[in-house]
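K.L.:
Protein chains in written order, with the numbering used here: chain A, 1 to 177; chain B, 178 to 838; chain C, 839 to 938.
Derived from the structure by calculation, the hints contain no laboratory data.
Here a beta-carbon is modelled for each residue, glycine too, at the ideal position from N, C-alpha and C.
It is possible that part of the hints are untrue.
Stated by the list, open to error - Going by beta-carbon spacing under 10 Å, a handful of chain A positions derived as facing chain B:
hint: 1; residue: Leu93
hint: 2; residue: Pro97
hint: 3; residue: Gly98
hint: 4; residue: Leu101
hint: 5; residue: Ser103
hint: 6; residue: Val109
hint: 7; residue: Pro142
hint: 8; residue: Ile145
As the list claims (entries may be wrong) - Output of the computed footprint for chain B on chain C, the stretches with three or more beta carbons under 8 Å from beta carbons of chain B:
hint: 9; segment: 873-887
hint: 10; segment: 903-909
Said to hold, decoys possible - Label pairs and their computed distance ranges (CB to CB):
hint: 11; chain 1: A; residue 1: Ala56; chain 2: C; residue 2: Leu935; range: 38 to 46 Å
hint: 12; chain 1: C; residue 1: Ala893; chain 2: A; residue 2: Leu105; range: 23 to 31 Å
hint: 13; chain 1: C; residue 1: Leu935; chain 2: A; residue 2: Pro125; range: 50 to 58 Å
hint: 14; chain 1: C; residue 1: Ala920; chain 2: A; residue 2: Ala56; range: 31 to 39 Å
hint: 15; chain 1: A; residue 1: His4; chain 2: C; residue 2: Ala893; range: 18 to 26 Å
hint: 16; chain 1: C; residue 1: Val903; chain 2: A; residue 2: Leu101; range: 54 to 62 Å
hint: 17; chain 1: A; residue 1: Ile154; chain 2: C; residue 2: Leu935; range: 24 to 32 Å
For reference, the chains in residue letters:
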Amino acid sequence: MNVHLILFLAFGAVAVAGAVNLLAQTHPINSALSLIAVMAALAGEYLLLGAEFVAAVQVIVYAGAIMVLFVFTIMLLNAGVEERTQGSRVSVLLGIPGMLLGSVLVAWVVLRHSGTEAVAAGALPGDPKTIGQMLFHEFLLPFEITSILILIAIMGAVVLASKPPSSPANAPAREAE
Amino acid sequence: MTSSLNLWLIPVLPVAGAAINGFLGKKSSRTAVSTVGLFFSGAAFVWALSVAWRVSSADLPYPEYIAHWIRYGQIGAPGSFVADFSLYLDQLSLVMLLVVTGVGFLIHIYSVGYMWDDPSYYRFFAYLNLFMFFMLTLVLASNYLLMFIGWEGVGLASYLLIGFWFTKDSAASAGKKAFIVNRIGDFGFLIALFLIIQHFGSLEFTKVFDSVAHLPAGADTETLLTTIGILLMVGACGKSAQIPLYVWLPDAMEGPTPVSALIHAATMVTAGVYMVSRSHLIFERAPTALMVVAVIGTLTALFAATIGITQTDIKKVLAYSTISQLGYMFMACGVGAFSAGVFHLMTHAFFKGLLFLAAGSVIHAVGGEQDMRKMGGLRSYIPWTFLTMGIATLAIAGIPPFAGFWSKDEILWQAYSSTHGSWVIWLIGVITAFITSFYMFRLLFMTFFGDYHGAKVDEHGHGTHVVGHDDHGHGEPHESPMVMLAPLMILALLSVVGGLVGIGNRFEHFLDPVFNTGAASEAVGEAASNVTEYMLMGISVGVALLGLFLAWFLYISKPYLPQKIADRLNGFYEAVLNKYYVDEFYRRIFIKPLIDASTNILWQGLDRKIIDDTVNNAADGARHVSDEVRHMQSGNLRSYAGWIAAGSAALIAFMIWMGVR
Amino acid sequence: MVPLSYYLVLSGFLFACGVAGFLIKRNIITIFMSIELMLNGVNLSFVAFAAHWHALAGQIFVFFVMVVAAAEAAVGLAIIIAVYRTRETLNIDQVNLLKL
Chain A
1 MNVHLILFLA FGAVAVAGAV NLLAQTHPIN SALSLIAVMA ALAGEYLLLG
51 AEFVAAVQVI VYAGAIMVLF VFTIMLLNAG VEERTQGSRV SVLLGIPGML
101 LGSVLVAWVV LRHSGTEAVA AGALPGDPKT IGQMLFHEFL LPFEITSILI
151 LIAIMGAVVL ASKPPSSPAN APAREAE
Chain B
178 MTSSLNLWLI PVLPVAGAAI NGFLGKKSSR TAVSTVGLFF SGAAFVWALS
228 VAWRVSSADL PYPEYIAHWI RYGQIGAPGS FVADFSLYLD QLSLVMLLVV
278 TGVGFLIHIY SVGYMWDDPS YYRFFAYLNL FMFFMLTLVL ASNYLLMFIG
328 WEGVGLASYL LIGFWFTKDS AASAGKKAFI VNRIGDFGFL IALFLIIQHF
378 GSLEFTKVFD SVAHLPAGAD TETLLTTIGI LLMVGACGKS AQIPLYVWLP
428 DAMEGPTPVS ALIHAATMVT AGVYMVSRSH LIFERAPTAL MVVAVIGTLT
478 ALFAATIGIT QTDIKKVLAY STISQLGYMF MACGVGAFSA GVFHLMTHAF
528 FKGLLFLAAG SVIHAVGGEQ DMRKMGGLRS YIPWTFLTMG IATLAIAGIP
578 PFAGFWSKDE ILWQAYSSTH GSWVIWLIGV ITAFITSFYM FRLLFMTFFG
628 DYHGAKVDEH GHGTHVVGHD DHGHGEPHES PMVMLAPLMI LALLSVVGGL
678 VGIGNRFEHF LDPVFNTGAA SEAVGEAASN VTEYMLMGIS VGVALLGLFL
728 AWFLYISKPY LPQKIADRLN GFYEAVLNKY YVDEFYRRIF IKPLIDASTN
778 ILWQGLDRKI IDDTVNNAAD GARHVSDEVR HMQSGNLRSY AGWIAAGSAA
828 LIAFMIWMGV R
Chain C
839 MVPLSYYLVL SGFLFACGVA GFLIKRNIIT IFMSIELMLN GVNLSFVAFA
889 AHWHALAGQI FVFFVMVVAA AEAAVGLAII IAVYRTRETL NIDQVNLLKL
């Protein structure tokens with residue numbers, strides 16, 4: 001029993017609790033807040049693994065930007081409590097047992113076959129300098145392409161979410177002038 | 178022979194004419210079409226004459242190679258096969274050549290007058306030229322394969338021309354019948370060709386006959402050659418209308434009369450005789466096959482002659498007469514007297530062609546009527562037709578010195594005296610000659626003597642076909658125009674003098690180089706006593722005159738008698754009148770089961786149930802399956818998500834299982 | 839010392855919860871959040887493996903995953919807003935026109 005393990009278990013418990021809570025809650029805002037808790041816990045896990053830059057980005061981008069976006073949308077759309085509607089039998093009958101089975105299988109295999117090599121805390125330094133070096137040397141092309149991807153996402157989001165053009169009744173009137 | 182004879186021109190000229198008339202004729206004037214048709218067939222005749230003039234006996238046989246065709250395997254090695262486009266001229270094909278082109282050309286001239294008013298004038302000449310092409314290919318071919326092409330081609334031309342007025346049901350059916358029955362014969366012919374290829378490795382006449390001559394004597398050889406011979410005879414039965422495949426020829430009279438004259442009297446039906454004569458080496462070494470030929474020929478001659486007695490349609494009488502005379506030719510071949518058969522072929526082309534053309538003239542004169550009972554007394558109206566037809570009748574009856582006497586007598590003499598012949602065959606031949614004379618003079622008397630029983634001739638003559646008939650509305654039978662009479666006269670002349678080449682066996686000696694190779698010659702015919710020969714000659718002339726007398730007695734002297742005799746022989750008469758019900762028999766035994774089987778098994782069963790249903794059920798099945806699967810696309814996104822999740826779980830499990838193994 | 843497999847089990851569990859939420863929940867936004875949960879689970883396993891194999895590329899990849907997730911979240915939420923405008927509902931069972 002060492003600190004590493006205890007910290008791992010602590011953060012892990014928070015993550016698990018948040019994930020389960022996300023499923024359990026009916027109001028989306030509660031689910032969003034649980035998700036933020038999960039992300040925070042995961043940031044802690046990354047720190048344990050020595051990936052400090054990733055942990056920082058996780059908090060800033062994921063928990064800080066994306067989740068805020070979610071919360072804003074919930075507020076914008078005035079999402080309320082979920083109604084109970086007739087769902088899909090397939091999803092409940094096939095999907096859940098399927099995933100349960102899958103995850104149990106994975107867990108069993110992983111635990112059985114992957115020995116007890118431990119990952120040391122801070123084994124691999126993930127400081128910004130090293131990451132930056134890698135990012136701008138080996139991974140330059142993906143980096144540039146993702147910037148284009150973001151550009152496209154911005155344009156898409158703006159177009160999709162913008163107000164629809166003025167109603168057809170107005171347009172001919174304007175033309176006729 | 179230093180320079181080439183250019184034999185290929187002879188078949189090619191008519192096909193050029195056929196192409197020009199066929200493609201351009203529709204928009205051309207009648208004059209243009211006639212000019213083209215006559216020019217090309219005339220040119221073929223002229224060229225054939227020039228070939229005959231230039232060639233001398235020393236130059237024959239003369240092969241002419243035109244082009245490559247089938248070359249399989251290493252030439253000369255066993256298992257190879259070569260068949261080329263090449264022509265072969267010897268005395269036999271020379272005779273056939275002159276007959277075909279000469280008589281053909283005369284009939285072309287006749288057709289100009291006969292078919293003048295027909296709306297499809299150009300088509301007629303195109304088909305006629307096409308027929309000439311195929312027939313000449315058949316006659317000049319140097320191998321069985323090219324001959325077979327000509328063989329099939331004349332069958333095609335015959336079908337096209339029999340069904341020339343195809344809008345008429347009976348004509349179209351007759352064309353079909355001719356073609357189909359011919360095919361049955363061709364099947365036998367093909368099997369014979371296969372056997373020849375298998376055993377002799379080639380279809381070239383020279384090679385095959387050489388191999389046949391060198392085959393060892395023995396039971397095997399004889400069996401093989403007998404089989405081939407009988408199968409060849411099957412083919413000849415189909416093409417030359419012998420028992421049992423003769424049924425198409427009477428129906429073929431649906432075609433225009435020039436067609437009947439050219440194809441079904443003078444040339445196409447003689448193709449079988451030509452083929453058998455060409456293959457004489459095979460037959461001479463297979464006595465059983467020869468006997469089969471003789472028996473079939475003899476029986477057919479008698480059989481058809483008896484039917485001819487009762488027929489009332491002028492063309493049908495001539496049709497059965499043709500079948501009967503063809504039987505004579507096969508009788509000759511069957512007793513080994515091939516040159517006699519060819520001789521009769523030639524004279525028959527003259528007088529039978531003349532008979533048909535004259536019959537056409539008669540039909541034209543009475544405005545389309547073909548029933549002899551409605552004719553009579555036409556002697557005074559159409560004297561030239563009467564004269565020429567009379568000459569032809571004398572020729573066919575075998576009365577000297579007309580052409581038919583020489584050839585028919587030669588056949589009867591050979592039937593009696595040849596090593597393969599017997600007096601039975603001779604006797605049947607004599608009886609048939611008597612019957613022939615009788616029904617031919619019956620035809621002559623019923624048509625030209627007595628009183629005219631016909632209706633007034635009007636614009637559209639009643640009858641079985643539309644005749645080229647001008648604006649003669651005055652109700653009297655009238656003579657044909659000169660363009661139709663001239664060929665009649667020429668053929669009449671040939672019927673008178675054509676047989677004289679047979680005097681002293683000159684014709685036979687001319688054909689000796691062809692028929693005396695290899696097998697023992699029929700010099701035995703020369704050795705027998707002259708007394709017997711003259712005695713038999715006297716008997717055959719006697720029966721011919723007897724037939725004439727009987728016909729005169731029954732149809733001029735006492736014209737009420739025939740009906741009384743018919744009444745007395747009621748059932749038998751009916752049977753003969755109805756051609757012994759052979760067509761009905763074939764219909765019951767062969768045709769009806771075939772049609773029924775085809776309808777029930779092939780159409781209802783195979784086509785409808787199996788093929789159609791398979792397709793329909795496949796379509797229905799697809800629809801049902803998709804009806805079920807359709808429910809997967811419910812629009813419900815969660816079910817889509819569920820399927821994705823299930824599928825990916827299965828995939829991951831599979832990958833893990835593969836990795837763990 | 840924490841064995842690698844522990845990290846992987848945790849990651850797998852988070853992923854499974856994400857899938858379960860994706861299948862069970864009816865609110866579109868909640869479904870979207872489940873997708874983000876799935877991505878997070880995967881990120882964890884990436885970083886764990888990077889530490890295990892001493893390959894920094896794993897962390898770089900996490901970086902890219904986050905970028906893509908951000909883009910996807912932006913566009914997806916825009917779509918949700920557009921759907922809400924037309925359908926007036928956030929219940930996924932009522933967005934059922936994607937069928938024949």
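K.L.:
All the hints need checking, so say for each whether the structure fits it.
P.N.:
Outcome of the hint check:
1. Leu93: 8 Å, holds
2. Pro97: 9 Å, holds
3. Gly98: This interface hint holds because 4 Å falls under the 10 Å limit.
4. Leu101: Given a least distance of 7 Å, the restraint on Leu101 of chain A holds.
5. Ser103: 9 Å, holds
6. Val109: 6 Å, holds
7. Pro142: 25 Å, violated
8. Ile145: Ile145 of chain A check fails; min Cβ-Cβ to chain B is 26 Å, beyond 10 Å.
9. 873-887: Violated, because only 0 residues of the segment 873-887 of chain C bring their Cβ atoms closer than 8 Å to Cβ atoms of chain B.
10. 903-909: violated (count 0)
11. A:Ala56 with C:Leu935: 38 to 46 Å: Once the Cβ atoms are compared, 43 Å apart, the range 38 to 46 Å for Leu935 of chain C and Ala56 of chain A holds.
12. C:Ala893 with A:Leu105: 23 to 31 Å: 26 Å, holds
13. C:Leu935 with A:Pro125: 50 to 58 Å: 52 Å, holds
14. C:Ala920 with A:Ala56: 31 to 39 Å: Given about 33 Å between the Cβ atoms, the range holds.
15. A:His4 with C:Ala893: 18 to 26 Å: With a Cβ separation near 21 Å, His4 of chain A and Ala893 of chain C satisfy 18 to 26 Å, so the hint holds.
16. C:Val903 with A:Leu101: 54 to 62 Å: 26 Å, violated
17. A:Ile154 with C:Leu935: 24 to 32 Å: For Ile154 of chain A and Leu935 of chain C the Cβ distance comes to about 28 Å; the hint holds.
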